[in-house]
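Chains as they are written, first to last, in my numbering: chain Z, 1 to 250; chain A, 1 to 250.
Think of the hints as simulated: they come from the structure by calculation, not from any bench. Check before you lean on any hint, since a few could be wrong.
Copies of one chain are not kept apart here, so a pair can be met inside one copy or by any two copies together.
[Claimed, not checked] List of simulated lysine-lysine pairs, DSSO-like, C-alpha gap at most 27 angstroms: (1) Lys143 x Lys176; (2) Lys136 x Lys68; (3) Lys33 x Lys71; (4) Lys89 x Lys136; (5) Lys143 x Lys89; (6) Lys177 x Lys136; (7) Lys136 x Lys88; (8) Lys91 x Lys127; (9) Lys177 x Lys143; (10) Lys177 x Lys71; (11) Lys43 x Lys176; (12) Lys91 x Lys106; (13) Lys106 x Lys126; (14) Lys68 x Lys176.
There are 2 protein chains.
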Amino acid sequence: MEQYFVNQTFTTNLVTIDDTEIFKHVVTVLRHKVSDQIYFVDKLKELYLATIQEIDKDNKTIKFELVKSDKPSTELPVEVTVACSLSKKDKVEWITQKATELGATKLIFFNSQYSIMHWKQNVVEKKLARLQEIAKNAAQQSKRRIIPEVIYLSDLSKLIGDNSDLKFIAYEESAKKGESSLLVRSLDKESAKSIIGVFGPEGGFSPKEVDLLNEHNYLSVGLGPRIMRAETAPMYFLSVLSYNYELSSK
Amino acid sequence: MEQYFVNQTFTTNLVTIDDTEIFKHVVTVLRHKVSDQIYFVDKLKELYLATIQEIDKDNKTIKFELVKSDKPSTELPVEVTVACSLSKKDKVEWITQKATELGATKLIFFNSQYSIMHWKQNVVEKKLARLQEIAKNAAQQSKRRIIPEVIYLSDLSKLIGDNSDLKFIAYEESAKKGESSLLVRSLDKESAKSIIGVFGPEGGFSPKEVDLLNEHNYLSVGLGPRIMRAETAPMYFLSVLSYNYELSSK
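Construct the complete structure from the given sequences, taking the supplied hints into account.
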């Protein structure tokens, strides 16, 4: 059963939705009829089972009866920010989709010294809007309760302002030196409410960039012995956080 | 420094490589000169540091001096097979590339009841050759010691013959019921030398298919509360195995 985010807070058990995009998808694409059911997530991140009462094709509105769902949340118990150096369009879009499926709370794309792409200031808004739309669709498909926010930073140095409890930088040179315990040890402490992981471009970070982040409490961690592409490492990181926080032996 | 697989066993410290693909990449694309260095992995999975001695442009051969490398292996300490239901061409190729980066030993693509693609018998060989090439390139890029083998099974039922120590099927219905401990508990035993994970198509497995695999010692496991796309779940699985077997708190 599909799920849609609505930009409103539900306060009654009958609601008329006038979002033309939802109308198109529900009525035109999926051909739902009266009494069919879908899910809505409202602005308060509450999940509702919604039963179609009336379809008004002239005004493109649908009237639903709502029942609050008691399904458990699908959100990670920690807020995870994934910050990636700018890359080619398809990779940035791909990271946005996959990081959303894997539970990221926030996505940051930033310029770094060896970034292979740069966004001119006049395209940033359009690029972010497109990525935000990809995040919304992926969040609906993976049944998230929130849509991750997608942000752009013109320079890696702006990451030093991040105030996550645990801050990591995936650093190939650490992995090459056999560093393989810092991530596990840090996560084992289990008190973190928020985590950020920073991932470099194909060409890696400059030593200066790593030094800067290290000075601001980012820990350089290895993610295993194999060289991962720039877009693969953040997926590894998110998968591992889910394993650590959502799967357990209990 | 780049790495190439060669289909021979090195027995001397001087070798002439007549692989035209390697010649093209080393000399034409990367414009290496005498005394430049690259890595080779030979048929015995040994890594060699190779220094260019002579480039013969007429015969397209390169003479190298070899020194066996003592770099630690980049292979997972368990053999991991990832078996995925057939999907669209770009997804199958994508799974092959990413699963190779993430350390899979073997990749199986199989037909299942709700597979959205099917391979006609006369295209199987060509498809596998293409995927094997993708696996080789990804293995070289991620500095693997082996190239994962890519296999096709015409029917999911053929998976019952797999003799891995631990056998998993990623089952959405298990995740929906809140199953979140079986994977961790199974991995905690730590005696497995080989593991297989089976992943369904977008439409999932039929209950009959799950029953069949369950009867043959495949454990239905949940991979967290979010719905992942067909190509994302195997990446989650491989990342988690790396975390479990390659990163540690020691």
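Evaluated hints:
Taking the shortest alpha-carbon separations for lysine 143 and lysine 176, only the inter-copy value of 11 angstroms comes in at or below 27 angstroms, while the best intra-copy value is 37 angstroms. Only within a single protomer do lysine 136 and lysine 68 lie at most 27 angstroms apart by alpha-carbon distance; the minimum there is 21 angstroms, versus 51 angstroms between protomers. Taking the shortest alpha-carbon separations for lysine 33 and lysine 71, only the intra-copy value of 24 angstroms comes in at or below 27 angstroms, while the best inter-copy value is 63 angstroms. In this homomeric assembly, lysine 89 and lysine 136 come within 27 angstroms of each other (Cα to Cα) both inside a single copy, at 18 angstroms, and across copies, at 25 angstroms.
For the homomeric pair lysine 143 and lysine 89, the shortest alpha-carbon distances inside one copy (25 angstroms) and between copies (26 angstroms) are both at most 27 angstroms. In this assembly of identical chains, lysine 177 and lysine 136 lie within 27 angstroms of each other by CA distance solely across copies; the values are 25 angstroms between and 39 angstroms within a copy. Within a single copy, lysine 136 and lysine 88 get their C-alpha atoms as close as 21 angstroms, and across copies as close as 23 angstroms, so both meet the 27 angstroms cut-off. Taking the shortest alpha-carbon separations for lysine 91 and lysine 127, both the intra-copy value of 13 angstroms and the inter-copy value of 24 angstroms come in at or below 27 angstroms.
For the homomeric pair lysine 177 and lysine 143, the shortest alpha-carbon distance between copies (15 angstroms) is at most 27 angstroms, but the shortest distance inside one copy (39 angstroms) is not. Taking the closest pair of Cα atoms, lysine 177 and lysine 71 come within 27 angstroms of each other only across two copies (10 angstroms); inside a single copy the shortest separation is 45 angstroms, beyond that limit. Proximity of lysine 43 and lysine 176 under a CA criterion of 27 angstroms is satisfied inter-copy only: 24 angstroms between copies versus 45 angstroms inside one chain copy. Proximity of lysine 91 and lysine 106 under a CA criterion of 27 angstroms is satisfied in both settings, with 17 angstroms inside one chain copy and 25 angstroms between copies.
With identical chains, the CA atoms of lysine 106 and lysine 126 are at most 27 angstroms apart within one copy only, with a shortest distance of 18 angstroms there and 41 angstroms across copies. Proximity of lysine 68 to lysine 176 under the C-alpha cut-off of 27 angstroms is restricted to the inter-copy arrangement: shortest distance 18 angstroms between copies versus 50 angstroms within a copy.
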